[in-house]
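K.L.:
Now for the letters of each chain:
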Amino acid sequence: MPAPQTADEIVADKFLEVRAKLLEIAATLDRVDRASADSSLSDEAAHRRDALQKGIEIIASEGSDRAARLQMLYSREYQPGWRETFGMKSS
Amino acid sequence: MDYIDPHIHMVSRTTDDYATLARMGCVAMSEPAFWAGYDRGSVDGFRDYFRQLTETEPARAAQYGIQHYTWLCINAKEAENVELSREVIKMIPEFLQRPNVLGIGEIGLNKNTKNEATIFAEHVDLAVTHQELILIHTPHLEDKYQGTRMILDMLCDDSRVTPDRVLVDHVEEHTIKEVLDRGFWAGMTLYPVTKCTPQRAVDMIEMTGGERLMANSAGDWGPSKPTAVPDLIFEMRRRGLSESLIKKVVYDNPLEFFGKSKRFKFQPRQ
Numbered sequence: 001m002p003a004p005q006t007a008d009e010i011v012a013d014k015f016l017e018v019r020a021k022l023l024e025i026a027a028t029l030d031r032v033d034r035a036s037a038d039s040s041l042s043d044e045a046a047h048r049r050d051a052l053q054k055g056i057e058i059i060a061s062e063g064s065d066r067a068a069r070l071q072m073l074y075s076r077e078y079q080p081g082w083r084e085t086f087g088m089k090s091s
Numbered sequence: 092m093d094y095i096d097p098h099i100h101m102v103s104r105t106t107d108d109y110a111t112l113a114r115m116g117c118v119a120m121s122e123p124a125f126w127a128g129y130d131r132g133s134v135d136g137f138r139d140y141f142r143q144l145t146e147t148e149p150a151r152a153a154q155y156g157i158q159h160y161t162w163l164c165i166n167a168k169e170a171e172n173v174e175l176s177r178e179v180i181k182m183i184p185e186f187l188q189r190p191n192v193l194g195i196g197e198i199g200l201n202k203n204t205k206n207e208a209t210i211f212a213e214h215v216d217l218a219v220t221h222q223e224l225i226l227i228h229t230p231h232l233e234d235k236y237q238g239t240r241m242i243l244d245m246l247c248d249d250s251r252v253t254p255d256r257v258l259v260d261h262v263e264e265h266t267i268k269e270v271l272d273r274g275f276w277a278g279m280t281l282y283p284v285t286k287c288t289p290q291r292a293v294d295m296i297e298m299t300g301g302e303r304l305m306a307n308s309a310g311d312w313g314p315s316k317p318t319a320v321p322d323l324i325f326e327m328r329r330r331g332l333s334e335s336l337i338k339k340v341v342y343d344n345p346l347e348f349f350g351k352s353k354r355f356k357f358q359p360r361q
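Protein chains in written order, with our numbering: chain A, 1 to 91; chain B, 92 to 361.
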């Protein structure tokens with residue numbers, strides 16, 4: 001089902017809001033860089049910083065499923081054999 | 092517009108919130124049993140909580156013309172205590188015939204552990220044995236996808252479960268399709284940080300068409316907004332979506348799903 005708003009209308013409607021969110025991301029990453037100038041990130045923080053970078057790459061990519069792909073990036077993997085791991089039987 | 096909030100934890104809200112919800116058009120709500128902010132120590136703690144859900148909250152809601160329904164369970168977070176969980180599950184039938192009880196919920200997973208999965212399966216057994224509806228909690232953040240898949244595995248493997256009698260809540264962009272494709276109802280929880288904004292929820296409505304889909308506020312102890320469903324209505328109107336589609340998501344769909352419970356006696360506003 002197409003949205004009643006046209007693409008032009010959505011861009012016009014959302015430009016300032018998205019611009020503000022992008023600035024927030026940019027400023028946060030700048031803050032991280034300033035704070036880590038004198039000491040490197042811990043492994044955990046570096047892993048999270050890397051996850052943010054991968055998220056930014058998804059946002060910059062083509063396609064109409066960016067939100068779902070971003071969600072999957074930040075999701076634990078599904079293990080089809082989880083029942084065997086837990087020693088549980090199927091009904 | 093009259094609307095129904097299908098998932099809101101009014102035990103954690105003030106009476107002022109009931110008044111605000113009524114002014115915003117809320118005519119009915121359903122309140123799943125959940126975590127109290129601390130782990131309860133005994134089955135009697137849950138017995139008292141179920142009295143609150145079946146006696147106190149309906150009376151508070153009625154003061155503002157809101158019809159209050161509820162769901163009973165021990166939530167996934169406390170399901171790590173298997174012994175207590177089994178005592179609670181054994182006690183739940185004492186309350187199943189109370190007039191505002193719609194079924195068993197919100198059951199599900201939290202950190203996707205073996206104990207949580209065990210107690211989830213035992214709740215499902217309780218629900219199907221008593222022919223009750225089921226309301227499902229799916230985990231948050233990085234655990235959501237894995238946990239949702241595990242929950243769907245367990246539900247779909249149990250031939251006694253009718254997907255049309257199960258509402259899977261807190262769906263997001265990466266879980267909504269599988270829930271709907273497998274024939275379940277889906278709920279989107281409008282929650283500022285860990286779940287979904289009204290804008291993203293409307294995106295999902297546009298992409299799925301709104302069939303078997305609802306929206307709720309959660310309205311719990313955390314940073315949440317009990318009037319989030321009116322925010323969704325406002326966003327749908329702002330985008331030019333039809334009044335019939337808005338009504339379907341916030342009123343008709345909850346009525347149809349809840350109507351599968353014999354105890355749902357909703358009286359529309361005249």
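Derived by calculation from the structure, the hints in this document are not laboratory data. Think of the CB as a built atom: it goes at the ideal place given N, C-alpha and C, for glycine as much as any other residue. Be aware that one or more of the hints could be misleading.
Stated by the list, open to error - Dumping the calculated DSSO-like pairs for lysine-lysine here, alpha-carbon to alpha-carbon at most 30 Å: (1) 316/B with 21/A; (2) 168/B with 89/A; (3) 54/A with 268/B.
Said to hold, decoys possible - Rough simulated footprint, nothing fancy, chain A against chain B, three-plus residues with beta-carbon under 8 Å: (4) 205-214; (5) 271-278.
K.L.:
Are the hints correct? Go through all of them and say.
P.N.:
Checked hints:
At roughly 21 Å between alpha-carbon atoms, residue 316/B and residue 21/A fall within 30 Å of each other, so this suggested pair holds. Straight-line distance between C-alpha atoms of residue 168/B and residue 89/A comes to about 22 Å, which keeps the hinted pair within the 30 Å bound. Proximity of residue 54/A to residue 268/B is assessed by CA-CA distance (about 24 Å); at most 30 Å being required, the pair is judged to hold. Beta-carbon proximity to chain A at under 8 Å applies to 4 residues in the segment 205-214 of chain B; the threshold of 3 is reached and the given coverage holds.
Under the rule that three or more residues need a Cβ within less than 8 Å of chain A, the assignment of the segment 271-278 of chain B is violated, with 0 such residues.
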